[in-house]
Amino acid sequence: MNVFESIADSLERGRAKEVSAKVTEALDNGVSPEQILNEGLVVGMNVIGEQFKNNEVFVPEVLVAARAMNAGLKILKPYLQKEGVEPVGKAVICTVKGDMHDIGKNLVKMMIEGQGIECIDLGVDVDPQRIVDAVKESGAKLVCLSALLTTTMYGQKDVIDALKAAGIRDQVKVMVGGAPVTQAFADEIGADCYTLDAASAAKAARAYFD
Amino acid sequence: MNSKERLDAFIAGSAVDRRPNLTIVGSTVCRMNRIDIPTYCKEWRRMEEAAELAAHEYRLDFIQVASDLVREAEGYGTEVAFPADRLPYAAGYALEDITDVSRLHPLKVQDIPRLCDLVLAAQKAAECADIYPMTLAVGPATVAGNIRGVEDLMMDSLDEPEAVEELLDIVTETSLDFLKCLAETGQKYFYVADPVASLLSPRMYLNLILPRQKKIFDRGRELGLTGRLHMCGNTTHVIEYTSQLGAAIVDIDHMVDYGEALEKAAGRCILNGNIDPVADVFSCDAAHTHDTILALGQKYASEKAMFMPGCELPTTTPTENILAIADALAEIG
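Chains as they are written, first to last, in numbering that gives the first Met the number 0: chain A, 0 to 209; chain B, 0 to 332.
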């Protein structure tokens, strides 16, 4: 097992301390931070994403893998910045107004970050205007909206309306998801993308920036 | 047949005029006596009145004695917010660290004011002549999730499984006491809602949750109560096990393939579901709801199966769509 496979393996098993140690060791040995990111952490997260999609792992396993990914990223970040490695893109992500659920949003965020995309996480119960402001300030080209409740899913439409009203709807792609959300609903409210699960969301997000 | 006769007969495997309608209508009942959601959750008399009116209006075969999923957790110290326009939620969790679980001890119903309210509502609903109340006991995974935070509980279940088991045992004790209170007030039916349980792998479900859920259904049976399990989400991977818990009825959500679920359940319980509460009831017309239920019912008419939306209906679901469910069930027979 080479260093990248070893990092990916630890990540897939959710071993945050192991990932930190292996990333540190790799850096000490002069391995490129970008390679560690793309061939170790991202590869491991992609494996977890696929397994999650195929019901081979479940929410707890994804969460601990993402925690391990973040542990590795924390160490890598200063090195990546030093080398001028930029994120492939920026996304604003949140759970919409009136909805306090964050697991789905967090899963998508972790998977998207695993694709090398910087996420501006606005949290839960977010007012549409805050999202508009965040897009303007950050220059994000992707807005990811989560809603778990049938009572709050129309909050996704409110965000799209707010982006239109602010004159920036055509500057961003809007991705929607959450348990009650369907492709038909996404079409109805004028979203650009709907995916069934977090791994597919991450792939679709990456596709926007490639 | 009245609702009581219909439900008893169907569960016993006897002939019925139509399949029982056990649609979880949620806070749509607030429109019955024009109460707001916080009142529905906090004032048991108004809640019971609304639920009983709704059972008759919607032609349900149970009185839904339930409002929200945070009553038990509130008792354990979770801070609960009651927004004006939606159901209450955990705004601050009782356990910041799972290893602090040892400071919790099992609470009795009498220690939790809103759980006492639910027993009082069930008692009042039991006075109804023609429809049984079915009262909600929130399942162990969901109560624990509302005490610790679902995301943290998920990670704890891998990091600190013993502490999670301790927490689950504590909250299960409260559920057992709750069933005792229900039995003392002359109840015949109860249901366990445990949506958080469906997030776990089959192995973790088997190790952590199933033993506690089984304990609850076993106690129910000892007390003469018939149980129903509601685990929304995609439960395909655990139906083989949930069907063996001792619940007479197991609900399945719309993500589950009904045919596959029937195979996995192998006749050990009655399955109940599973049209999409949003696409097929909330955001469509009544004809669509009717036709969807009818098609599902006709497909599985010979099975131990009941038909309804797979999960709770949104608050503003049109009344005519809810009535379309009853209409379709009458046609299925």
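Hints in this document: simulated from the structure, not taken from any laboratory.
Just so you know, not all the hints are guaranteed correct.
Simulated crosslink set (EDC-like; lysine to aspartate or glutamate; CA at most 20 Å straight-line) [what the hints assert, rightly or not]:
#, chain 1, residue 1, chain 2, residue 2
1, A, K52, B, E259
2, A, K52, B, D84
3, A, K202, B, E150
4, A, K81, A, D101
5, A, K16, B, D84
6, A, K96, B, D256
Just the calculated beta-carbon pair ranges, DEER-fashion [claimed, not checked]:
#, chain 1, residue 1, chain 2, residue 2, range
7, A, K73, B, P160, 44 to 50 Å
8, A, K73, B, R202, 26 to 32 Å
9, A, E136, B, D84, 28 to 34 Å
10, A, E85, B, E42, 53 to 59 Å
11, A, M0, B, D35, 56 to 62 Å
12, A, D186, B, G91, 34 to 40 Å
Yeah, the Cβ is synthetic: ideal placement off N, Cα and C, and Gly gets one too.
How the hints compare with the structure:
1. A:K52 x B:E259: Cα-Cα ~19 Å, so holds.
2. A:K52 x B:D84: 34 Å, violated
3. A:K202 x B:E150: 23 Å, violated
4. A:K81 x A:D101: Between K81 (chain A) and D101 (chain A) the Cα gap is close to 32 Å, so the pair fails against 20 Å, i.e. violated.
5. A:K16 x B:D84: 44 Å, violated
6. A:K96 x B:D256: 32 Å, violated
7. A:K73 x B:P160: 44 to 50 Å: 26 Å, violated
8. A:K73 x B:R202: 26 to 32 Å: Hint holds: Cβ distance 30 Å, inside 26 to 32 Å.
9. A:E136 x B:D84: 28 to 34 Å: Given a distance of about 30 Å, which is inside 28 to 34 Å, the answer is holds.
10. A:E85 x B:E42: 53 to 59 Å: Distance hint for E85 (chain A), E42 (chain B) holds at roughly 56 Å.
11. A:M0 x B:D35: 56 to 62 Å: 60 Å, holds
12. A:D186 x B:G91: 34 to 40 Å: 38 Å, holds
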